[in-house]
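Use these hints to put chain B onto chain A, whose structure you have.
Listed below are the residues making up each chain.
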Amino acid sequence: MSVGPPRAWRWILERSLSDEERGFLVAELEHAFAAKVESVGPAAARKWYREEVMAFVRRAPRRGLRGIGTVFGRWGMGGWKELSIVLRGLRRAPGFTALATFTLALGIGASAVVFAIADRALLRPLPYPEAERLVSVLDGWGTSLGSLEILQREMTTVEAIGGAWDAVGSTLQPEAGPARRVSAAHVSPEYLAALGMRPVIGRLFRPEEAAPGAGRVALLSADFFATEYGADPAALGTSLVLEGERFGVVGGLQAGVDMPSDRNDLWIPATMDGSAANVGMHWGLGAYSMVARMRPGVRASDVRTEVASLGETVRLANPLWTPPPGFWNEGVVSPLRQVRGRDARMPLLLLLGAVGIVLLVVCANVASLLLARGLSRRRDLAVRKALGAGGGRLVVGQLVEIGALGLAGSLLGLALAVGGLELLRPLLPAEVPGAARVSIDLRVVGFTASVALAVSLLAGLAPALRVGRQAPGALLREGGRARSVSRASRGTTRLLVGAQMAAAVMLVAGSGLLGRSLVKMTRVDPGFDVEGRVTARLDLPPGLPTSREARTARFAEIEAALASEPELAGVALASSVPFDSETENMAVFIPGVTDDPNALPVVQQRRVSAAFFDVLGIPVRSGRSFDARDRVEAPPVAIVDETFVARFFPGEDPIGRTVRYPWRGAPDIEIVGVVGATADVDLARLPEPTVWFPISQLAGGTIGNAVAVARASGDESAALAALQRRSRSFDERMPVSELATYPELLRDSLPGPRLHSLLLVLFAGSTLTLACVGVYGVAALAARQRVREIGVRMTLGADPSEIRGGFLREGLLLALPGGLLGLALAALGGRVLSSFLFGVSPVDPVTFVGTPLLLVGAALAAAYLPARRATQVDPAAVLRAE
Amino acid sequence: MGRDGLLGELEHQVMLALLRLGDEAYTAPIAEELEERAGRRTTVAAVYIVLRRLEEKGLVVSTLREAGPEGGRDRRYFEVTEEGMDRLRRARAAYASLWEGLDTVLEPGR
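Chains as they are written, first to last, in numbering that gives the first Met the number 0: chain A, 0 to 881; chain B, 0 to 109.
Same shape as in the complex, but just chain A (with noise of 0.2 Å):
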């Protein structure tokens, strides 16, 4: 005899018997197995043994677990039988499948979604080096240089400091093409050591690069290196050319720095330049942020206990100005990982409560799910509990099912996520830090994993401890229609439906508030006419001259050349423009009015051609607009907004007044008239008070680039496009950015608002819709279990609008102590979302009506349905049936 049994299993066998019954029953198994391959062939004989084995195994644990009685122990065992009776269970019910699976799958994505956003932003460990020893020291405004400088040579408890300024853009010529802009960061060559960065190749600053006339040098971003080099190290020792001026490049930075900013491309050494000649940039652009890292062993209290003691010597030492006592107090300085994503992290933390709220209500509703399927299957639990299987089997085999459909759930949710997020990537507001790389990796499966684990367990164990706890005769007797639903299990249904309301309700009414301030937002008057404007911006091309009398002879020109073009009806330009990326503050001296030289008020600048207020329909109040008059070499003038009379001139005539800037020699600038006051940068705050002043003039220095407004004459499109030509062919050296619309910059300027409101209306749109199949399950169930009753009234002659009636009562009033529950809790929560809100109130009308008939309308939609099945019957079938 050749052909043994195979030996996989006869070990199998081995270490599922008893020493004594190894003794014999393996070779008799043995022996039957080579009659069986004599009389039905060795492959028939095979399966046979394999299923003797399979029978013994199962049977093993009797005798203790031993050896593969653990592996195939009990559980073990019971489990896998029990898995394939509950997937052929699943496979029968369809619909209970699908349903359950696609409302875990609902939660699962959407918690993915957030934590993945909020991990990047909050809770993951920031990308540096011992980052718990990084404090940000920040002063009211942004700091100088030279305080800077001051803060460097004194502080004892940080090993390095250093300042960045994220300036949004610098104009890079390539050696071929178009030149075009580049986010380059200025920082202190201590800032990139303070934060412990690596180059990954080459080097980082040296301090002496910071050394005014220092030979010019730059380091690449990861991305940048890998984009315009090909990642090749020879772009060591070349060269770049950034407003015209050349850069060396000596390195190149790590992957992931996001610092000061995760747009940069490149940066570059600031120049610490304290000499007279430069006093006004060292001492006036307070634009730098400070990073400093602790010595080991100091607390973030004591850098600030220092940074306070230096503060009156910083404060003093400032030529320009003198800021207030207290400006540098103990405020400023905080652990670098609280400040980074401070604005992002209140609505992060709301949306991370919202998700929270739609996945108790995925447990409820799947709670609520399983209960249903578990009366409807009470027959099939009884006989099998009635054979033999014990309550704890039951039990396994529930917790299998949900295991099952947990699983299938997060893959679902998991693949929702996934193309969820790359829908929401383009929408994350910059202040969310990291945006740009939230994925979906594997600190996002493993949370999602235990999301899913706990979801299930809290949806699943009640329903299936109940399953364990039943008596077979009592449901046999029933004969499994379960004509009485215990009150107890009602009681849980109508519970977990009620909180599944009160939930809802609370998202609908905090997504309402939110889309009703976000609609009141866009309907704030800008102060400008948005309609068919659009805006480019325009870098001047490096090697001009950089006199004020060139530069502005060739922007009139440009000016000129763009409103030769058909497709433009009117053209101005701007240092800079409402809504777009920069805004320009000085701090004025207002004589007359700011009498404290120490205490001047910071306002909003911008430089523009005389056509401008005509252009964006800017309306001159009184005195007169911009004009020829105001060449280069005639007395300066400037012109006002509303804003800026009512604060600095309430109740005077502000024309032929004058306004200074702060420093030494400055000349007095005439007030020459008084326009409209515009919104800036967000629509949800008041307008700033700003002083214009014309291009032509350039007071306060020279600019680089300058913003086109212009009014299409037809078409928007076929305006940006002749605005980009008619650039390009004046000369095509001059990159042309940020093409847009007006309505398209203002809808931008929202990012927060829009993104928070389309993912609260999400999360509220999917809690209502799973409280109405909750709704609807309860009373599809209890349709089901009243069928006899209701054919014995039909057959008895009731109305059947009068039995819908009645469903539709009960579906109503299963909804309303959830729903206002719901609205009291929403009242509550009014108050942490009021930060958010714009022009409504927390405890807005419109939403608190509008919200509970909402609520009841959908409630009804979702009882009609089972009410209209329920009358639908044939009496005389049911009545059979019985």
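These are calculated hints, taken from the structure and not from any lab test.
Predicted, not measured: the structure shown is a model, and the values here were computed from it.
Check each hint, because a few of them may be wrong.
[Unchecked claim] Not the full set, but computed from the structure, chain B residues with beta-carbon under 7 Å of chain A:
| hint | residue |
| --- | --- |
| 1 | GLU23 |
| 2 | THR26 |
| 3 | ALA27 |
| 4 | VAL43 |
| 5 | ALA44 |
| 6 | ARG75 |
[What the hints assert, rightly or not] Residues of chain A clear of chain B, computed beta-carbon distances all greater than 12 Å:
| hint | residue |
| --- | --- |
| 7 | GLU19 |
| 8 | GLU20 |
| 9 | ARG57 |
| 10 | GLY195 |
| 11 | PRO318 |
| 12 | LEU464 |
| 13 | ARG783 |
| 14 | ARG808 |
| 15 | GLY838 |
For each residue, glycine too, the CB sits at the ideal point set by N, CA and C.
Frame of chain A, contents of chain B only:
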């Protein structure tokens, strides 16, 4: 009849197969006999479990016979005890009395 008077169907069949097999009554042939005679597909494991249960009830006894000098293997042989025989007889009598007069119902042609 008390609870110990009940014979399960498989128990009943296994005991009958045991009697039929006589000297060759060990587990694997019993399973085969069941399949052949009663058309009942079962596993050795199930038969073995039933046999052990019957043994616990005192209806069968088993002896382990070691392999003879000419080779072969250890086997556990089962025999029906007197109590087991008694139980079978009672079962048969009970069935017979239940069957009385039912032949025509099942096979009307006779």
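Hints and how they fare:
1. GLU23: violated (12 Å)
2. THR26: Holds, about 6 Å.
3. ALA27: Constraint on B/ALA27 satisfied, holds at 4 Å.
4. VAL43: For B/VAL43, the interface hint holds, since the closest Cβ of chain A sits about 5 Å away, which is under 7 Å.
5. ALA44: Holds, because the Cβ-Cβ distance from B/ALA44 to chain A comes to roughly 3 Å (cut-off 7 Å).
6. ARG75: Where the cut-off is 7 Å and the nearest Cβ of chain A is about 5 Å from B/ARG75, the hint holds.
7. GLU19: violated (8 Å)
8. GLU20: violated (8 Å)
9. ARG57: violated (8 Å)
10. GLY195: holds (67 Å)
11. PRO318: holds (97 Å)
12. LEU464: The claim holds: A/LEU464 sits with its nearest Cβ about 31 Å from chain B, beyond 12 Å.
13. ARG783: holds (37 Å)
14. ARG808: Holds: least Cβ distance 54 Å, greater than 12 Å.
15. GLY838: holds (77 Å)
Going through the hint list in order, the structure does not satisfy hints 1, 7, 8, 9.
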